Amino acid sequence: MKFAIVVFPGSNCDHDAHYAAEHVLGQQAELIWHKDTSLRGADAVVLPGGFAHGDYLRTGAIARFSPIMQEVRRFADAGGPVLGICNGFQVLLEAGLLPGAMLRNASLHFHCEHVHVKVEQTDTPFTLMCPSGRLLKIPVAHGEGNYYAEAEVLVRVEKNRQVVFRYVDSSGQRTAEANPNGSLNNIAGICNEGRNVVGLMPHPERACELALGSADGLVLFESVVKAVTEGAFAASR
Amino acid sequence: MRARVFVTLKPSVFDPQGTTVAEALHTLGYPSIRDVRQGKYFELEIDAASAEEARRLAAEAADRLLANPVIESYRIEVEAAARPEMVR
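Residue numbers (this note's numbering), protein chains in the order written: chain V, 922 to 1158; chain E, -6 to 81.
Calculated from the structure, these hints are not laboratory results.
Treat the hints with caution; some may be incorrect.
As the list claims (entries may be wrong) - Across the chosen pairs, the derived CB separations fall in these ranges:
#	chain 1	residue 1	chain 2	residue 2	range
1	V	988	E	-3	26 to 32 Å
2	V	1017	E	26	34 to 40 Å
3	E	43	V	958	33 to 39 Å
4	E	62	V	995	19 to 25 Å
Small disclaimer: the values here were computed from a predicted structure and weren't measured.
Backbone N, C-alpha and C define an ideal beta-carbon position, used for all residues, glycine too.
The task is simple: from the sequences and hints, build the whole structure.
Pasting the structure below:
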């Protein structure tokens, strides 16, 4: 299968995602500049981490207007699997492809550390190889990952089982201490109603080999390979 | 024509930066400054025939880009003041 990894000016985890897809998983992966207007037949799209457009104005606020985003929207609307990691998650929120918004971390600190997240939903293309409730140890590195949604939106997101990843402690308990940024309900990652678009603040692509301290993130990429190979969550063309 | 756009977090949204600024002010000896909400301020220079048109364009810019309606609201002031080269 083929991954498209979108490169915005200021993306800095694009090559990490490319490495995970191509070298760790042995799949095809192509870096696609944000001014391009084609995803070149990719089966899955990754919006990587970084600081697109310097995070000026708001994180992701300018990137959402990049020409490639029209194609990403079309691909997502057609059911194709889209993963937004960190800044990529912020872009998906600003673009309205996922509900809610990001605020500055409650502590005001930039948090760069390994955290534990619990996989709560396994019927997305990026988690279908995870047993439900599996804990993943993956790093976060962000200053604005404090997930917010209006009360009625939050209720809907929870009711629709759109919370895919939640910050927990190493024993799997959802505690305030395990929440690195003040996110509502310890939310680390969500999906859209169609479940094909997933965004999360932690960086699975930085945890794909044991040499990096954890290989727990690999399952997200393995899952989408399986999803695409088996024809689940393919974009209708 | 100049439009001023003030973007602020909605009252229901927690503002960690404003809270920290308020705490700093308390440390500096201003306990009477009870709360601080931090926002953004934009000055738009607009070629428009009327204040109404300038306001409409500023609102469109705010809706589409300057503010995120999930967390922010905005207020616009239009000033028909002459630009420097127009001052006689």
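### 19 to 25 Å as the expected CB spacing between residue 995(V) and residue 62(E), which holds or is violated
Check passed, 23 Å falls within 19 to 25 Å.
### Task
Please test the hint of 33 to 39 Å on the beta carbon pair from residue 43(E) and residue 958(V).
holds, 37 Å
#### Entry: Range hint 26 to 32 Å (beta carbons of residue 988(V) and residue -3(E)) holds or violated
With Cβ atoms ~31 Å apart, the hint holds.
### Query
For the pair residue 1017(V) and residue 26(E), does the Cβ-Cβ distance stay inside 34 to 40 Å?
Distance hint for residue 1017(V), residue 26(E) holds at roughly 37 Å.
Of the numbered hints given earlier, the model fails none.
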